[in-house]
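Engineer: Using the sequences and the accompanying hints, generate a full structural model.
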Amino acid sequence: MGAEEELVAQLRAGDEEAFAALVRMYHNRLLRLAQTVVASRSVAEEAVQDTWLAVVRGVDRFEGRSSFKTWLFQILLNRARTAAKRENRTDLLAESDWDERFDGSGAWVSPPTHWSDLVDDRVVAQRLAFRVHDILPLLPDVQRQVIMLRDVEGLSSSDVGTLLGLTDGNQRVLLHRARTRVRHHLEMEMDTV
Amino acid sequence: MRVPFVGRRRALVCREAVQLMAGYLDGALSPRDRARVEAHLSDCPHCHEYLAQLRVTIDVLGRVEVDDVPAEVLDEFVALYRRWNAG
Numbered sequence: 001m002g003a004e005e006e007l008v009a010q011l012r013a014g015d016e017e018a019f020a021a022l023v024r025m026y027h028n029r030l031l032r033l034a035q036t037v038v039a040s041r042s043v044a045e046e047a048v049q050d051t052w053l054a055v056v057r058g059v060d061r062f063e064g065r066s067s068f069k070t071w072l073f074q075i076l077l078n079r080a081r082t083a084a085k086r087e088n089r090t091d092l093l094a095e096s097d098w099d100e101r102f103d104g105s106g107a108w109v110s111p112p113t114h115w116s117d118l119v120d121d122r123v124v125a126q127r128l129a130f131r132v133h134d135i136l137p138l139l140p141d142v143q144r145q146v147i148m149l150r151d152v153e154g155l156s157s158s159d160v161g162t163l164l165g166l167t168d169g170n171q172r173v174l175l176h177r178a179r180t181r182v183r184h185h186l187e188m189e190m191d192t193v
Numbered sequence: 001m002r003v004p005f006v007g008r009r010r011a012l013v014c015r016e017a018v019q020l021m022a023g024y025l026d027g028a029l030s031p032r033d034r035a036r037v038e039a040h041l042s043d044c045p046h047c048h049e050y051l052a053q054l055r056v057t058i059d060v061l062g063r064v065e066v067d068d069v070p071a072e073v074l075d076e077f078v079a080l081y082r083r084w085n086a087g
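Sequence lines, in order, name chains F and V.
Mapping to our numbering: the first sequence position 177 is 177, numbers consecutive.
Mapping to our numbering: the second sequence position 72 is 72, numbers consecutive.
Simulated from the structure, these hints should not be mistaken for lab results.
Just so you know, these numbers come straight off a predicted model, no measurement behind them.
Errors might be hidden in some of the hints.
[Stated by the list, open to error] Result set (SDA-like, lysine to any residue): computed pairs, CA atoms no more than 25 Å apart in a straight line:
1) F/69 - F/133
2) F/69 - F/5
3) F/69 - V/85
4) F/69 - V/58
5) F/85 - F/167
6) F/69 - V/76
Structural biologist: If you want it as structure tokens, here you go:
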């Protein structure tokens, strides 16, 4: 049994320490995810609190068919979406592609500068990760949800498809747009190295 | 008139190669599209570099951390937990 499964089993047995450990592990990640769905910080905090209550009440029914993380994120997204409806917030799915990077023939207008091989040590990668932390909130909501779940949290495309109700194709388009934006910011950052 | 590449699809342009990269990185392309992307990458240093940059981007995203949960927030939730369990 992995450390996380063990914590879940302990929580099922009513272990307060296990609950505290899970809160320590996931609370801010849930908050970060909730803020991709609802606008206000206090509404996001409420959705996260509701999620923890649902976890405590529902952990007996968690059957381990998905990972605990996926189950937890599913609860959070459901709570946050309900709150978002009250907030009257709509997701902006439609957005034009960033095709001005290519000319009419489909070739690069100005090819990418070469910097990928400069990110070869942990120090540079870590510095870029701090930068990305600041960039993520600037992405449109649905793109942010997809890239957060896929690349930051490391969930599989099928889990993310289920959590967000997206087809594989739509998920990939959103992921592509989000990565394109983050890459663009990393490029600017690397120009200053 | 002879049509070149009968039975084969034409080569990708950069824009198309870039659009297929998310599927390529997911291993979700058809064998034919994967071969087309790879053929393009072997010929195009710009798209080759772009793909390397996407891989760096994904690696960097995986290093993004969240702040620690403040002690008072943790205390608050442990108190809530006791209340929930009591109720």
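Engineer: Sort out whether residue 5 of chain F lies within 25 Å of residue 69 of chain F, counting only the CA atoms.
Structural biologist: 10 Å, holds
Engineer: Is residue 69 of chain F close enough to residue 133 of chain F, meaning Cα to Cα at most 25 Å?
Structural biologist: Distance ~21 Å between residue 69 of chain F and residue 133 of chain F Cα, so the pair holds.
Engineer: Could you grab the alpha-carbon distance between residue 69 of chain F and residue 85 of chain V and see if it respects the 25 Å cut-off?
Structural biologist: Given that 25 Å is the threshold and the Cα spacing comes to 22 Å, the pair holds.
Engineer: Holds or violated: are the alpha carbons of residue 85 of chain F and residue 167 of chain F at most 25 Å from each other?
Structural biologist: The given pair, whose Cα atoms are some 22 Å apart, holds under the 25 Å limit.
Engineer: Taking 25 Å as the top limit, are the C-alpha atoms of residue 69 of chain F and residue 76 of chain V close enough?
Structural biologist: 22 Å, holds
Engineer: Sort out whether residue 58 of chain V lies within 25 Å of residue 69 of chain F, counting only the CA atoms.
Structural biologist: Status holds; Cα separation ~20 Å.
Comparing the model with each numbered hint stated earlier shows that all of them hold.
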